Each structure stands twice: as C-alpha cells, then as structure tokens.
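> Here is what each chain is made of, one letter per residue.
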Amino acid sequence: MEDVPSVLPDGEPAPRDGALPSSALTHLGERPFGAYVHVPFCSVRCGYCDFNTYTLTELGMPGAGVSSYADAALAEVALAADVLGPARPPIDTVFVGGGTPTMLRSRDLVRIVDGLRDAFGLAEGVEITTEANPDSVTPDSLRELADGGFTRVSLGMQSAVPHVLRTLERTHDPANVGRVVEAVRAAGMQVSVDLIYGTPGESLGDWRTSLEAAVAMEPDHISAYALVVEDGTKLAAQVRRGLVTMPDDDDEADKYELADEMLSTAGFGWYEVSNWATSPTTRCRHNEGYWADGDWWGIGPGAHSHVGGVRWWNVKHPNAFAGRVNAGDSPAAGRELLTEEQRYDERVLLGVRLVEGLPLDLVRPDGRRAVAGLVADGLLDGPSAVRDARAVLTRRGRLLADTVVRRLLGY
Amino acid sequence: MSPMATTALPPAATPPELIRNFCIIAHIDHGKSTLADRMLQITGVVEERAMRAQYLDRMDIERERGITIKSQAVRMPWAAEGTTYCLNMIDTPGHVDFTYEVSRSLAACEGAVLLVDAAQGIEAQTLANLYLAMENDLTIIPVLNKIDLPAAQPEKYAAELAGLIGCDPEDVLRVSGKTGEGVEELLDQIVGQLPAPEGDADKPARAMIFDSVYDTYRGVVTYVRVIDGQLSPREKIAMMSTKATHELLEIGVISPEPVPSKGLGVGEVGYLITGVKDVRQSRVGDTVTNAAKPAGDALGGYRDPKPMVFSGLYPIDGSDYPILRDALDRLKLNDAALVYEPETSAALGFGFRVGFLGMLHLEIVRERLEREFNLDLISTLPNVVYEVALDDGRTHTVTNPSEFPEGKIAEITEPVVRATLLAPSEFVGAIMELCQSRRGSLRGMDYLSEDRVEMRYTLPLAEIVFDFFDALKSRTRGYASLDYEPDGEQTADLVKVDILLQGDKVDAFSSIVHRDKAYAYGTLMATKLKELIPRQQFEVPIQAAIGARVIARENIRAIRKDVLAKCYGGDISRKRKLLEKQKEGKKRMKMVGSVEVPQEAFIAALSQDSGSEKKK
Ligand SMILES: Nc1nc2c(ncn2[C@@H]2O[C@H](COP(=O)(O)OP(=O)(O)OP(=O)(O)O)[C@@H](O)[C@H]2O)c(=O)[nH]1
Ligand SMILES: C[S@@+](CC[C@H](N)C(=O)[O-])C[C@H]1O[C@@H](n2cnc3c(N)ncnc32)[C@H](O)[C@@H]1O
Ligand code: SF4
Ligand SMILES: [Mg+2]
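Sequence order for the protein chains is A and B. When you read off a place in the first sequence, starting at 1, and then add 827, the result is the number in the numbering used here. When you read off a place in the second sequence, starting at 1, and then add 816, the result is the number in the numbering used here.
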C-alpha cells in the first residue's frame, strides 16, 4: 500500500523552492527511482479509512477539484524535475494511489504519466500501477490506461463476504470484482487485489471465503492487511461506543497464518509481510522500493518523498496543494534530514520485512549478536542466517516483526 | 462591642496580665482558618486589601486542598473595656493525621476556642481535640460557627455542645467566620474568660519550642512560648537537652508576618533565629534558656509523633535517587513526623522506606517531593508495622513486607487503634457491620444527643488506615466522622502473600494481610497484573502464594502479533517515530526475571482504588 495517511509528522520547515541539500543528490540514480502520485478523491469515505482523501461534497468549491487535479499534479512534476536538476534519473516505477485514482478520467491519469515521461523519461520495462475501486472502472477505461502505458492495477476488494463489506462500508458489488479482474487482464495489465482481515464480526470461515474468492480470480498479486482502527475514523468511534468490537491480535494472527498457508498452496509466495505474488516478476516493484530504502518523489496533496536521506511531505489539503504549486512554490509542508542513526534504524526496520531479508553485514555487532536468539525463538530462519548471512523472517517472525526489529537494533 | 485596638502592645514589655494565648480547635473544615481570617481583619493586623481567604494556610498544598496542615501562631492587639490586650492565636489543622500539630499548639496556650459547625454538629475530631485540650488543662470556649448557613441548627447543636462540656447552652457563642458576625464578642470573651499566662519574670528564661521550620533564606526559624524570664536579641541562648549554645540573631513576633522585637517576656509567643541550619539543633519540645544564667529544670517536652504507615518511595528514573535522598532530608527539616531509611527492591531499584502519620500525610509528602523537587515517584502499597516472633525466640520488626522473616512463626502482632465514630443513630447498624468486617470490637456506645451516637471500637490499624474512611462515608451518606489514636498491639492470624511472575517473586507486591483476606488480595493483584503487563514472547504465569502454597493464578498468553501489516507506504517517518517511542518506553521497563514490566504497570498495580482523599 502506498497511500498517504491523514496525519502529517512533525519535522522542520521545508524551503519554499523545494531545494534539496546537495548531499541528498550524490547517489541519485544508483538505485531504482520511483514516482508516487497521490489522488485525494473518493466517492464516499469508508468507515475504517484515514487516508488523505476527500469526497466531492467535502471539497465544496473545487480549487484542485477532480477536473483540474491533473494540472496541479503536473505542476509539481515540473518542480521535481527542476529540483533534481540535470542529473535526474529516468523513472523505474510509477504508482498512482489514493484515495481513488480512478475517480479521475483515464485521460487525466495518462496525462500525468505523459508528464512524467516528458520530464524524467521512463526506464526500460517501467512499472506503472494505479489503484482502483472495482466500481470506478470499465473495460474501456482500463484499455485506455493500458494504452497510455499503465502495466498494473491494484483493486480494493477487501472481502468477498457481504456482512464484512457492510461493516467496512464498502459499496461495491462483490460480484463485480471478478469481472474487473478479467477486464484488467484482457487489457493486458497485471492485476492485484487488496484484502482486509480482522474486521469486527468476520469469522475465520469468512476470511477463508474471501481468500478462496481472491485466489479463484487468479490475480498476479494479493495484498492482505490486518484492519487497523485508526484514531479519528468512524470505525474508531464505533469501537469506543461499543457498537463493534476491537479487532483481536490473536484472531488476526490466526488469519494471517491461514492466508499465508492458502496463498502459498495456491502458488503465491510472500515477498513482503503483507504482500504475495505469483512470481518475482509480478511483485510490485514500486512497493519494494519503499522497503529497500529507495528514492522516490511523491506528487500530490500529503504525498511523502524520500531522496538520499531526506524525507519530506506535502501539505494535505487539495486546495492548499493547488495554491502552492500554481504559485510555483514547493508544496512541501515539512521535512526531516535523517541522521546516520535514523537511517540505520530505518534500513533495519524496512529491510527485514522483505523475503530477501536483511544482509547481516549491514547489521551492527550488537544486532548480529541477537540473531542466534531470534533463530532459537523461531523468529528468524536458521538456514538463511547461517548459509546466506541474511536475517529472514519466519512466518512467526513476520507476525512479530516489530519484536525482531527491536532486538536487531539492540533494545 | 469592643472598638478596634489602636496601638499594639510592644513585645518584651507587655505584662502577662494583658496577654491571652489561645488556639482554635475543631473537626476538619468546621471553619478554623476562616474564623482566624476574621480575627486578623477585625484586629487590624491584616489590611483589607491584603486579605485573602484562609490567610494563614500559606503552603501551596494547603491552599489547593483547602486544608490546614501546619499550625500558625499570630499576635494580635485587642481592646476590651478600655484596656489593650495582646492575643496570641494559633490556627490548628483538623485532619486526624496532624493531631500531633494540635497537641504541640495546645502546650503554648491557656485556652482553646472549640469550634463546631452549626450545620454539622459535633464530630469525631471535635471530641478528640476537646479531650486533648482538657488533658492540657486549657479553658474551653465553646463556639458554634457558620451560623449564616441556612442549614444551621444553632439551638440543637448548642445543646449538644453544652451537654458535652457541661455548660449552659446560653454560654455557647455563635459566630460566622464568613460574615464576621459574633467575632468581636468572641474576642471579648477570650479576654474575659481565659486566664492570663503565669510565670516568673525574674527567673532564668525558659521557653518551650513548639515549632521549628527551615527557611531557605533565614535558616531555622524556631517558634517559642516563653514561660519564665526573658529572651533578648544578641544574647547567647542554650538548648537544655543538648546544652548547645547559639547567639540570638533575631527575635520577634508574628503579626502575621515576622516583626523583629526587643525580646520576648513571660507568656509571650514569638520566633527566634540563631543562624543554625538544621532543625535538629533546635528541636521541637526542647527548652530554650539563657546561656549565661541557665534554668535548672527543662519544661516537659512533647512525645515525638510515631509513624503509623510505611511505604516504599522509589524514583521512576533510577538516577534520581540522590535527588530523592536530598529532598527527603529537606522535607524532614520541617516535618518531624517524617522518618525514612534507604531500602532496595529487586523490582524497583533503590529507594526509601518512609514512615507517615497516615494516608493524607503520605499523599502530601509525595506530592511535595514530586512538585518541589521535580521527581517522578512510585510508592509501594502502604503497610503498618508488624512484630514477628519466631519459634526460636527471635523477633523481627517488619516495616516492609518483603522483609518478613523466613522460618517458623510463633506469633505476629499488629498495631491497633482506639477509634471513635460519630454518626446519626440511623447508621449504627451500617457502622457495626463495617467494623465487624474490619475485625473491630465494640468497646462502647453513647448517645451524645437524641439522634447522635458515639461508638468506640478497637480496630487493627491496618484495617482502618487505608480505605476505611471511604467505606464509612459511603455507608453513612457522608454523615459519619472518624477519629483514632494508637492503642497498643494485638496478635492476629496474619500471612504474607507473595506475587510471582513466571515463578519470580515481585518484592514490591508482597503484602501482609489477615488470613481471611489473603485470597481476595491474591486474586485482585493477579487479575490487575494480567491487565497491566503487556504480553511477552512467552507465556507468563502470575501466581499469588502464601509461602509455597499458590492461592490464585492467572496467565498472560504469549504475544503472537505485533507487526503493523498496514504500512504507511511513503510515511516511513511515522513508523520510525513509533519505534523511537518504543525505545524511550524501554527505559521505563523493569525486568522481573525475564519479564518486561512497564513502570506504568507498577504504578497502576500499586495505586489503591480507594484513595485517602481529604477526610470530610
Ligand atoms: N457559610 C459559611 N462557610 C464557612 C464559614 N466558615 C468557614 N466556611 C467554609 O468552610 C470551609 C472550610 O473552612 P476552613 O476555614 O478552611 O476550615 P478549617 O477548619 O480551617 O479546615 P482544616 O484546617 O482543614 O481543618 C471553607 O469552604 C469555608 O469557606 C462560615 O462561617 N459560614
Ligand atoms: C488507500 S486504499 C486505496 C484503494 C482504494 N481507494 C480502495 O479502497 O479500494 C489502499 C488499501 O489500504 C487498505 N486499507 C485502507 N485502510 C485500512 C485500514 N484502516 N486498515 C487496514 N487496511 C486498510 C485497503 O485494503 C485498501 O485497499
Ligand atoms: S475508497 Fe479507499 S481510499 Fe477511499 S475511503 Fe475507501 S478505503 Fe479509503
Ligand atoms: Mg484550616
């Protein structure tokens, strides 16, 4: 998932022109470079969702409404090209997330990709993904995306069980999902589905039903997320009032294990804690970039970026965003220049979630000393540690990844 | 009505016949400090614009809680029938924890104003303080306060009060500390009824120290009442117990701020400053005399207050231990009742076992330590002192349950108190039931009036000191009041309950309880801890045990999932900050064996559900 949560971190102010310290640019292009485009619109807000997204009624008079959004996004693309300068690398992956990107016309989405191509160039074999709601696409709109260069579509399926979808306040017709998967494939793109487990009232049987339904559609990729009750959401209020029960960790652990079992049987291999793919070529490379501490520029309201140890994030509201970029200013709201210590923590924190694991020679001595204990506790895979000198999570370890990270970081 | 005195009499030159020393005593909240306010105002020692409610409650904690903790003495002029007198008034605390403050004040006086709230009537500390005053042979002036209240029943309570002290209901004065009504009359009566101090001006000086306070700027300020002779500035004085001599740098009276004077004579109350830095060199109860011409016999002193409740105090941040030690040393300077010695806990680290007069005293000391010295503290479950006799003849004094001796126990004794409970007669049944459940035995019962009963019980201190008062209030809709005083020891069937995490004893949770209550304590702690301790990578059994016998158990199941599956893609900062927070939190973890227990769990498990709030 590449999306933008609704609360921004604290940080230092970002410069008005968006300039980056030269130190951030020295290694640019040595590793894959990504672009994330955040589309902050949805037709309704789901009760569990705290992403930076707005319904049209919430927006009222659109400053950067749906129609003019692409122009605002393109303005930031131009700024990005400027800031990174002549050394800017071609783009290896594009991910358009939301929100619901397919609230925009396919034409507009393609226009944004065109803009990226013009400003940066697209690398050979570029991966271009958009998220989509099953109800917001048609065979035609999908074909238009494929023609415009899109290679993947990630669909918000969430569940196949009507009462679960109702609790999640998902409005789509579950029968639609299969048809859309078909249509994406017919258009020549890869397809992924997102699932959520641990919804109040969801039984283990319900979850099995959803997994079976997802597998039956034969997507290339499946993401499965444990439901998080985020502060400030309608779901959180319902939990507080006792209308629904808080998701239970043990139940979610059972469901994760079931998912991993069923998905591997069906030919999906895990490559990140919450992501499974039919083969290394159907993984989401853009996503991998996040975990591999890669560089990417995030475009759009509230989008996050990372370039060479500088993390920054944009102003949240679409109108504020449009105002900034249209005036030629950087939309960045704040940023962090990471210390060596912080970068190290992040590399461990992110890298350990991948199936390749963390090369042990990246880990400091106190962390390496923890490895034997983690293997003994069944959290890290023994052979990988010994043979390949890599810290690779076991299934149990994936569920306790935070514990593993803490122990590798020596506290 | 007397006119306001125009010129105050000069200290050191006021004949004893013109001096009246009195204190105001009452049940908590019956209005002592408010009445004192009116006296300060009417006598003119505090100007109108400087006035504020409970003027003499000077400490922050007193003002916030609206209660008096320390006695305060003030010299005021008052003219009655054309003669100007000097009144020394002492406002005293009403809470049972601070009874010793009252007894010290009484020794500096010839009379006491016994104040009773005209809407409440006689309550337990009314009796307790009256008896104290009578033991000190003081002349009592009975006064009903708050007569302005619509709910006041002056007729009824005048009769009650008259019955109690054996006077005519007509002789009970009626005042309002709020409006000032009747206060001038009361001042006249103080002059008229109270005896003047007696003493011999020509004898060597003898002055009783009734308070001694450390002040950052001026060193130790010692409050005295002169019995014989005279004290003058710059002379050398001697402490009769230690023979230590000091020069009198300053001497004066409080009116209501310190005013230096030419000395203090027979019957006068005032303060001394000698430049000593430690109150122990100027001890409460000691007698001050002239170094050059010392007196032969010291005055009778005070008994040191005895701590009733003990609790361990530990800094949450272990490196604050030296600050805590210095802070206790500092508070001790002004609080003779505070006793402490270092102790260590496997679970909590280095701290102190501290003795207190009661739960309010504990709360106040803790609050002052936290506030004035910027400390974060954990306090262990309070307990009383036990004497444990072993079969081999040795006995141990146990102030900390984890020091409960191993070995075959012959008998255990616990402190008991003589408790007085006052309540409307309809609550007799409820009170009896409560006292029964607290292992009390009824010693006697009297009707103070038609509908007010005094019940006297012997109760184990451990049963009364922690949450008894709250239970009493809730069963009597707030109408009952309670007073108690130590009354020796008794043997009892007590056991030590230990709490074990994964087989390791957590010393801070051990408690000595009556055998009948062991199971309840064990279950309570086990369930509390199950809630409070986060799940670990392995299963953690919690057990409550008496010796090797397990009486209650719970299980914390192993954690199975802590990873955030939903990742904030781009927002890595958020994830890292979460991690950094956990890193911080780790500092607040204590290891019990291999179990990580957050400080918060200790604090919450050790906090009592029922506090010892202000006893109203
Ligand atoms: N209406 C009315 N209220 C009064 C009067 N005297 C005191 N009060 C109120 O009673 C409460 C307690 O008054 P204090 O003067 O603090 O009582 P105290 O006896 O000094 O209390 P402790 O020092 O804690 O024992 C306060 O809210 C006062 O405002 C009075 O004459 N009339
Ligand atoms: C921002 S959404 C974008 C996709 C699209 N708007 C949709 O909802 O179908 C990406 C995915 O995040 C997951 N997600 C959103 N909120 C979540 C939450 N509170 N807990 C767990 N997963 C969540 C859902 O699976 C969702 O498909
Ligand atoms: S459609 Fe997706 S982004 Fe929009 S509110 Fe629902 S979960 Fe959030
Ligand atoms: Mg008071």
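These aren't lab readings, by the way, just hints derived from the structure by calculation. The model shown is predicted, which means the values in this text are computed figures rather than measured ones. For glycine and all other residues, C-beta sits at the position ideal for the given N, C-alpha and C. Incorrect hints may have been included.
Which stretches of chain A does chain B cover? Using the computed rule of at least three CB atoms under 8 Å from a CB of chain B, they are [said to hold, decoys possible]:
| no. | region |
| --- | --- |
| 1 | 841-853 |
| 2 | 856-863 |
| 3 | 1040-1053 |
| 4 | 1160-1174 |
| 5 | 1224-1235 |
> Of all the hints numbered above, which does this structure not satisfy? Sort the numbers upward.
1 and 2
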